[in-house]
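K.L.:
Got chain A sorted already, so can you dock chain B onto it with the hints?
Protein chains: 2
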Amino acid sequence: MQTEEKPIFAPETGDMSAEDFRRAGYEIIDWIADYSQNIEQFPVLSQIEPNWLKDNLPKSAPEKGENFAEVLKDVDRLILPAVTHWNHPNFHGLFSTSTSAAGIFGEMLSAAFDMKAMLWRTSPASTELEPVVLDWLRQMMNLPAEFKGLIYDTASISTLHALAMAREKLNLKVREKGMSGRGDLPLLRVYCSEQTHSSIDKAVILLGLGRDSLVKIPTNERFEMDSEKLREAISDDKSAGHLPFCVVATIGTTSTTSVDPIDAIADICERNNIFLHVDAAYAGSAAIVPELQPYFKGWERADSIVTNPHKWLFTPFDLSILYVKDLDLLKQTFSLVAEYLKTSETVQNQMDYGIQLGRRFRSLKLWFVMRYFGQEGLIKRLREHCRLARLFANWVDDSNDFEMLAPVPFALLCFRACPKSVEDLDALNEKIMNEINASGAAYLSHTKLNGVLAIRLSVGSIHVEERHLRKVWDLLNGKMEEVSRRGAEFAEI
Amino acid sequence: MQTEEKPIFAPETGDMSAEDFRRAGYEIIDWIADYSQNIEQFPVLSQIEPNWLKDNLPKSAPEKGENFAEVLKDVDRLILPAVTHWNHPNFHGLFSTSTSAAGIFGEMLSAAFDMKAMLWRTSPASTELEPVVLDWLRQMMNLPAEFKGLIYDTASISTLHALAMAREKLNLKVREKGMSGRGDLPLLRVYCSEQTHSSIDKAVILLGLGRDSLVKIPTNERFEMDSEKLREAISDDKSAGHLPFCVVATIGTTSTTSVDPIDAIADICERNNIFLHVDAAYAGSAAIVPELQPYFKGWERADSIVTNPHKWLFTPFDLSILYVKDLDLLKQTFSLVAEYLKTSETVQNQMDYGIQLGRRFRSLKLWFVMRYFGQEGLIKRLREHCRLARLFANWVDDSNDFEMLAPVPFALLCFRACPKSVEDLDALNEKIMNEINASGAAYLSHTKLNGVLAIRLSVGSIHVEERHLRKVWDLLNGKMEEVSRRGAEFAEI
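The listed protein sequences derive, respectively, from chains A and B.
So for the first sequence, numbering that gives the first Met the number 0 puts the first residue at 0; every next one is plus one.
So for the second sequence, numbering that gives the first Met the number 0 puts the first residue at 0; every next one is plus one.
The shape of chain A in the complex, shown without the other chains (with noise of 0.2 angstroms):
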């Protein structure tokens, strides 16, 4: 970061004048342009210790403001150490993901507006920006018209959203009289897959319905929910006097994107007269690319569907998008008009349809994104992903000392190192990985599938290409023998 000699001060009382916000602007603009020039020479994962920060941060708030050069100067010196690199090509744990420059341009102007879109004569812009993107959306991820979309921060949001539709749907006036202290209601059930993501576990708790409502169905082989288990489980409760009313089911589970058998799935929700949520948070931006269609086949069946352009879109954190057939319901679940927001207009105003009063304009990010990329240029880059993760996928394959673990829908890897020599796997794995991470070349992260751990690499980020991936493979190799060899040694001892 360049500081240039002209303080930066707070004036007496106002904000900063434009010409103070120009000269650091720009400042923050070369900044940014050249971290994400040399985001690879940065460790991917921060090395600091925990508390490295916090130990050199004052202990109170500065009496008197500072020049803002100096703030700027404290990124350099105190955060810049602390950031795990999330837009480093060798990011590959958790999800792969990454913003864009078109998604941090939205980001500026947003906080620029910083308006509060609650009801439309607070945000024309933002309110009806919104659907308008979304359905751009809808329609490059081949979903019926009849589906639209709102905006929430996270897929746990959306899918809360979701599981709080559904229970509104049962009839049962829990919006009014609640559950507790009633004789009346029975017990009521949710139904996903053991590979399912820990939000539906988080929603079924704060909804009230606790974790013993929801009934996870075991997976097959390739990790995918056993309809034929759902099916059972159903008429089972229904046997047994409780009311099965949502079923999640997931196109890309988080640890290995494995995808549900929606139109079985469906047809068990429609003949029991159940809502049914899908949880196509990573996964539902690949619906935009043609060949990897068949693997939503059915998810137009659903009630609502969730996905994350904050994930695999190249839209800065956060933006997670419900997309649901019922608007009505969901505005039902959650209408509330207090005295001092009601307004003349016959507009939707978007805070009822959530438990957010306030919103951000977070379409203004997606809009940037899917106009400067197109839809040519989002399905290449999704589509390249794709490619790059099935022929690490075929590295593996070919090679004597690691095997796959899971099949490779998208664009995420479960595999591990298993050479002869080596008894324990999953220690060994563990080595790699951890070795590798902390030596911050990259990060990978890992899960269990049936009781092993596997390594898993996702592919993800707009900067990644062929060369980062031959890396993490050699990597991976030469941490492997080394291990492996250590392990040798020791057993010599």
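Hints were generated in silico from the structure; no laboratory data involved.
Keep in mind that a hint or two might mislead.
Put simply, identical chains are the same to the list, so a pair is met inside one copy or across any two.
Dumping the calculated DSS-like pairs for lysine-lysine here, alpha-carbon to alpha-carbon at most 30 angstroms [unchecked claim]: (1) LYS341 x LYS419; (2) LYS58 x LYS324; (3) LYS330 x LYS176; (4) LYS341 x LYS228.
P.N.:
Leaving out everything else, chain B in the frame of chain A:
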């Protein structure tokens, strides 16, 4: 917006070049600088008709990527006319909130890092800066050190977490067993005043408690909760076999910024072992002003407090803080750790403290704001807003044609025109307000107090000066005379 000649096209793959990013970035910085400098030239409320923006947007995303300069042109052409300018110094509706330059810079860097602060290792910077900055603010607000803060997006979500904690504290196994189908649970009861924000209603709906579980206690002539009536309600509920478990008291209600008698309420909560949540979403920031501390007397006795720096601390939306005494209880309410999220560090992972798994790096902007303005600068600005509000209240008091309808503890006024010549004062005031709003000169909102319509005027913009309030006062008087005269003319016909 000046557009340069050289096009900024998306490359074949990857992201915008650093050179193009710099060019477009400078342009956006200039745009924001100009926008801020000329903010008073814009009508406060957008002047578009509903659907204008929607009708002017293409029905589908572009096939091919566009030159980014074209996108920026459309910000001027399509977005700007549809913006209601929250940063305008004459935005006095709802709560007047505004961002600051330092806050925008924070959002820029936060978007560039794009970190998801779920685990310490994925975001040490966010995980460690957050508690430090929130502790700075805690000290400024004169809260005891036992309060630990966490950042959420909105007060609705912060309060939802507080109520979920309160429910968890009951030890009724709601987290595991839920509330449906259980004969052993009494009716759970939450208490707040009639003036409490609708987010409490939404929280009890979501939590499965139902609106009937929320008891609204009447307020006195100053719109403060009647603590004697609270005591009676709790006692009656206990006699009826219900289970009172949470009271929400407010410092700075939304309609009038009235202050509930916290000490008296805390006494009742202590005697009955009831969780006390204090909603100071708006007014909490004012606790940093020493002479306003008396309004906060007793809030240190709460179990949890919500305050929103995005409301009155010049921090861009969104940034809401929940301060809690029992962080372990919050963790116990929500913590669930999936295999792929298990890490070896013995650190605080922020995903354990809430419904959302990922969190934006929100503390950065608050850190920037606190450092750039310093404690003195922030106090000075809030003090000035309160001075301006009192000044305006004096004008109202000194006028024969207007009257105050509620006390002014902070920087929000509730008043109305009351010329002797007019009978239907609600209609008159609604006309005055609507015509001023429609003109774009200022934005006022309304509420109903004791059945009559009150005009609400909030003073909170970082750009507001005495002349802006003088302008509104002149507008009000002019409109009052004009509308009254028109009314008289109608009457004569």
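K.L.:
Between LYS330 and LYS176, at a C-alpha cutoff of 30 angstroms, which is it: within one copy, between copies, both, or neither?
P.N.:
both (18 angstroms within a copy, 28 angstroms between copies)
K.L.:
Within a copy, between copies, both or neither: which one fits LYS341 and LYS419 at a CA-CA cutoff of 30 angstroms?
P.N.:
Answer is between; shortest inter-copy Cα gap is 28 angstroms, intra-copy 71 angstroms.
K.L.:
Taking 30 angstroms as the upper bound on the Cα-Cα distance, should LYS58 and LYS324 be classified as within, between, both, or neither?
P.N.:
between (51 angstroms within a copy, 19 angstroms between copies)
K.L.:
Evaluate LYS341 and LYS228 at a C-alpha cut-off of 30 angstroms and name the case that applies: within, between, both or neither.
P.N.:
between (49 angstroms within a copy, 29 angstroms between copies)
Consistency note: the structure conflicts with none of the earlier hints.
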